[in-house]
Amino acid sequence: MPRWPKPAEDSWTEHYPELGTGTISFGDSTSPEFYELERDAIFKKAWLNVGRVEDLPRKGSYFTKEIQIANASVVVVRGMDDEVRAFHNICRHRGNKLVWDEFPREESRGFCRQFTCKYHGWRYDLEGNCTFVQQEGEFFDLDKADYGLAPVHCDVWNGFVFVNLDREPSQSVREFLGPMITALDEYPFHEMSERYDFAADNNSNWKVFADAFQEYYHVPALHPQQTPVAVRKPDMGVECAHFQIDGPHRLTTTGGVRRWNLPQEYMYPVEIATRSGLLGPWDAPDIEPLPAGLNPGGVEPWGITNFQIFPNLEILIYGNWYLVYRYWPTSSNTHHFEAYLAFPPARNVRERVEHECAAVMFKEFALQDAGMLGGTQAALETGVVDEFPLNDQEILVRHFHKTVADWVGAA
Amino acid sequence: MARYPKPPEGSWTEHFGLDTAPVSYADSVSPEYYERERQAIFRRAWLNVGRVEQLPRKGSYFTKELAVVNTSVVVVRGMDGEIRAFHNVCRHRGNKLVWNEAPEEETQGFCRQFTCKYHAWRYGLDGSLTFIQQEGEFFDVDKDQFGLVAVHCEIWAGFIFVNVAREPEQSLRDFLGPMITALECYPFDQMTSRFGYRTEVKANWKLFMDAFAEFYHAPVLHSKQSPDKYSAAAREAGYEAPHYQVDGPHRLVSTSGVRFWEMDPSSLKPMENLTRGGLFGPWDKPDLGELPAGVNPGKCNPWGLDSFQLFPNFVILIWGQGWYLTYHYWPTSYNTHIFEGNVYFTPATNVRERIAQEMSAVTFKEFALQDANTLEATQLMLESGYVERFPLNDQEVLLRHLHKVVADWVNEPAGVPA
Amino acid sequence: MSPLLPPEFADLEPYAGQWCLATEAERFERRMASDMDEMGAFYAAFSPRLEEAIEFCDKYPLDELPDDVAHPLQLIHSLVMVSMAVEVFHQPKIVDAADAVLLRVREPRP
Numbered sequence: 001m002p003r004w005p006k007p008a009e010d011s012w013t014e015h016y017p018e019l020g021t022g023t024i025s026f027g028d029s030t031s032p033e034f035y036e037l038e039r040d041a042i043f044k045k046a047w048l049n050v051g052r053v054e055d056l057p058r059k060g061s062y063f064t065k066e067i068q069i070a071n072a073s074v075v076v077v078r079g080m081d082d083e084v085r086a087f088h089n090i091c092r093h094r095g096n097k098l099v100w101d102e103f104p105r106e107e108s109r110g111f112c113r114q115f116t117c118k119y120h121g122w123r124y125d126l127e128g129n130c131t132f133v134q135q136e137g138e139f140f141d142l143d144k145a146d147y148g149l150a151p152v153h154c155d156v157w158n159g160f161v162f163v164n165l166d167r168e169p170s171q172s173v174r175e176f177l178g179p180m181i182t183a184l185d186e187y188p189f190h191e192m193s194e195r196y197d198f199a200a201d202n203n204s205n206w207k208v209f210a211d212a213f214q215e216y217y218h219v220p221a222l223h224p225q226q227t228p229v230a231v232r233k234p235d236m237g238v239e240c241a242h243f244q245i246d247g248p249h250r251l252t253t254t255g256g257v258r259r260w261n262l263p264q265e266y267m268y269p270v271e272i273a274t275r276s277g278l279l280g281p282w283d284a285p286d287i288e289p290l291p292a293g294l295n296p297g298g299v300e301p302w303g304i305t306n307f308q309i310f311p312n313l314e315i316l317i318y319g320n321w322y323l324v325y326r327y328w329p330t331s332s333n334t335h336h337f338e339a340y341l342a343f344p345p346a347r348n349v350r351e352r353v354e355h356e357c358a359a360v361m362f363k364e365f366a367l368q369d370a371g372m373l374g375g376t377q378a379a380l381e382t383g384v385v386d387e388f389p390l391n392d393q394e395i396l397v398r399h400f401h402k403t404v405a406d407w408v409g410a411a
Numbered sequence: 001m002a003r004y005p006k007p008p009e010g011s012w013t014e015h016f017g018l019d020t021a022p023v024s025y026a027d028s029v030s031p032e033y034y035e036r037e038r039q040a041i042f043r044r045a046w047l048n049v050g051r052v053e054q055l056p057r058k059g060s061y062f063t064k065e066l067a068v069v070n071t072s073v074v075v076v077r078g079m080d081g082e083i084r085a086f087h088n089v090c091r092h093r094g095n096k097l098v099w100n101e102a103p104e105e106e107t108q109g110f111c112r113q114f115t116c117k118y119h120a121w122r123y124g125l126d127g128s129l130t131f132i133q134q135e136g137e138f139f140d141v142d143k144d145q146f147g148l149v150a151v152h153c154e155i156w157a158g159f160i161f162v163n164v165a166r167e168p169e170q171s172l173r174d175f176l177g178p179m180i181t182a183l184e185c186y187p188f189d190q191m192t193s194r195f196g197y198r199t200e201v202k203a204n205w206k207l208f209m210d211a212f213a214e215f216y217h218a219p220v221l222h223s224k225q226s227p228d229k230y231s232a233a234a235r236e237a238g239y240e241a242p243h244y245q246v247d248g249p250h251r252l253v254s255t256s257g258v259r260f261w262e263m264d265p266s267s268l269k270p271m272e273n274l275t276r277g278g279l280f281g282p283w284d285k286p287d288l289g290e291l292p293a294g295v296n297p298g299k300c301n302p303w304g305l306d307s308f309q310l311f312p313n314f315v316i317l318i319w320g321q322g323w324y325l326t327y328h329y330w331p332t333s334y335n336t337h338i339f340e341g342n343v344y345f346t347p348a349t350n351v352r353e354r355i356a357q358e359m360s361a362v363t364f365k366e367f368a369l370q371d372a373n374t375l376e377a378t379q380l381m382l383e384s385g386y387v388e389r390f391p392l393n394d395q396e397v398l399l400r401h402l403h404k405v406v407a408d409w410v411n412e413p414a415g416v417p418a
Numbered sequence: 001m002s003p004l005l006p007p008e009f010a011d012l013e014p015y016a017g018q019w020c021l022a023t024e025a026e027r028f029e030r031r032m033a034s035d036m037d038e039m040g041a042f043y044a045a046f047s048p049r050l051e052e053a054i055e056f057c058d059k060y061p062l063d064e065l066p067d068d069v070a071h072p073l074q075l076i077h078s079l080v081m082v083s084m085a086v087e088v089f090h091q092p093k094i095v096d097a098a099d100a101v102l103l104r105v106r107e108p109r110p
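Protein chains in written order, with the working numbering: chain H, 1 to 411; chain G, 1 to 418; chain U, 1 to 110.
Keep in mind that the hints were calculated from the coordinates and are not lab data. Be careful, since some hints might not be right.
[Claimed, not checked] What the simulated footprint calls covered on chain H by chain U, stretch by stretch (three residues with Cβ under 8 Å from a Cβ of chain U suffice, anywhere in the stretch; the number is not a length):
id	region
1	194-205
2	268-278
3	346-353
Glycine included, C-beta positions come from ideal geometry on N, C-alpha and C.
Using the sequences and the hints, build the whole thing.
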């Protein structure tokens, strides 16, 4: 008897009939050919989140982003006019990489008044105009106005900086995100400026890793240690209270008693001592009022909502803090993973310790996912089994792979 | 205001009849184009694989892996003193004939014959098949028919060249042409003290050649190699070459010299003052006698260096300070190649001279690493295709020339382009 | 060598050298390199005093912690790290993490 009511169709999956209920293949996550198809069909078409405006705190702030699957390196910069722009990180002279520190393949960040190519000293202002060419007289009819940095479409939604590598994106960012996501317009992400950032290079296809974060069915099995031994129940299941799909994006909401309102034996001593833990600080003030977009299913009591924004972005909102995951494919069986936790800045040591406890516990369990998924990838690649059944709690996995297939098929 | 006079046409580029419009680098990011280069260029041109000093005696040999033409060659000085080259393949069942511990690695040494490790067939140093194990087991095998497959091999000024065409379209001398053969009497054979560098570069071979074919980059890319005072002045001045020259598929740039020993010591690195050596070589020049007219053909004074770029992939750079170096770029794929840099001096007669040479060789590597550093990233950026046209200035004329000659050879179905 | 911890926590000084570490990367590595006895001893000595340590640190503004207050905070961070081993996994390594690596590349200081 499920705890949370299912829709009229008796399952979330059947509530979205286009999803089907059959087995799926994970061929899209083991095939090098499919990886190549994802490049043009997805990563050079969709809006991709590369950072937040807080990563560009002042005029002249910049950061670079390596988007290996798109063969792109993008520099994102806040100009002297305060506008955020993005450019291909390529000097217009002979194609040298423009912005980098010690190692050209690594991302860099900082601030500057102009970009100078290390090779022949060509200079560009922060709006991308070519402003200086060494020994300009040696060139032939060179008009610097023709040699500005190649622009990349760039737009900001609620502080999230998105780029689009398409020559002419078919949708604006808002249109791409759609109503379910833009219902978060009022969520004050910008107030959560205390960040704990993580990075990893994982031995799994980006989608195999993303799947682990869009279902909680695995939690009792893979992360039993989230519950102290004394109260761990065998065959403990997990049910999400609400699932919702909107275009290529999807979300799930959990509900029920907040962890810290459970009896003490449901928490570890360190959680009780710091009044924090995997789900974050106990006592931080709630956001009031909660934007309606945060709990579209009207789940009472509300737990968390996990927003999956196609193709490779997750925003998980805990209430008064949030986390972000991004998965950047680097081959058919590897990807670069980025994550961060964002809190309102700690006002004192107690709050700092609360945040530290949440950040530490996050990493412990994320490593369990990563550790296991390398094995998942290896086993998938044997190709011995190619039909896999998904249950109703795994609806978002189903929707994700279907969306990927739709985009690749349409290209 | 240019520091050095331009030719009457107004620019070196126009003087050599080259187009001045921005170029494409499609030739450096395409696997298909690379395949065409392998056939149209590397299977037709003369390729320098070494020098006679690497074969000091009868029986000396070395092997060279030439992935670009899908072969390995063994170059050997026979008992008659002659140097020959052969495909490094046993005629029995195709085993690689000459190798040491790892078959994919080059090797060298000396021997009286070549013996195949597989079934012990033996070949003389002239390539003739001299011994077949259990010859009676074969059927009408005439050893004369099964000698090593020869590779055309000719020598110029001590440089050993091979040509894998069945019949080379030109002799080596004709291929080199007057601008290069005018260097004949340069005392390469006296400069036997060699420092060799080698690495794999993850970029198309032509892009790295381009990096060494212009010095427009020098005041910027290499500015941190010199004290600020020198670098600032160099940057302010920019770079101009006093002389460029083109002859057939080959090209040359000469630069003017810097009299380091006359400079204010604060413009130099302390170690340069101490060792009396640096990028331009040892300050104390050996006496090489009169240099052939082919050196410094532009009569630059003071003269720094001549960089002769021999098509397709070989550079001989002769320094005014009495030493020379060579570069080779051996393509291994459309976006990788093996780079070899060799620096040659006359043998040091004492420790002081040896140290000056060491300083020069070490400095060479520092500069080369800066040139190489972003090359991988450049290759990736070019392959992305987000930018497709690139403006070249007059100081980059030799880049234009290389890419044009490559295109001419690739587009020419047969016969060497004029 | 002068003590890392203020007099109020002098009895924890034996653990200070090992566990007053400024970054998560160092604390994670130290945990992986320690055995359960070492971590157990530190945990037993410090966890009863965690609340006291927080209150002590909070006598000072967070962005202007003097050195001998920053060190107790580092010790607290280390206690949180060590608790994962002592309370949750009962071993230094994370169960089922295999060879996965996840680097914390940015954090507030202190």
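Hint-by-hint comparison with the structure:
Check result for the region 194-205 of chain H against chain U: holds, 9 residues qualifying (beta carbon to beta carbon below 8 Å, three or more required). Only residues whose C-beta sits within less than 8 Å of a C-beta in chain U count toward coverage, and the region 268-278 of chain H has 5 of them, enough to reach three; the restraint holds. Figure legend: the region 346-353 of chain H, annotated as covered by chain U; annotation consistent (7 residues with Cβ-Cβ distances under 8 Å, at least 3 required).
Every hint, counting from the list given before, is met by this structure.
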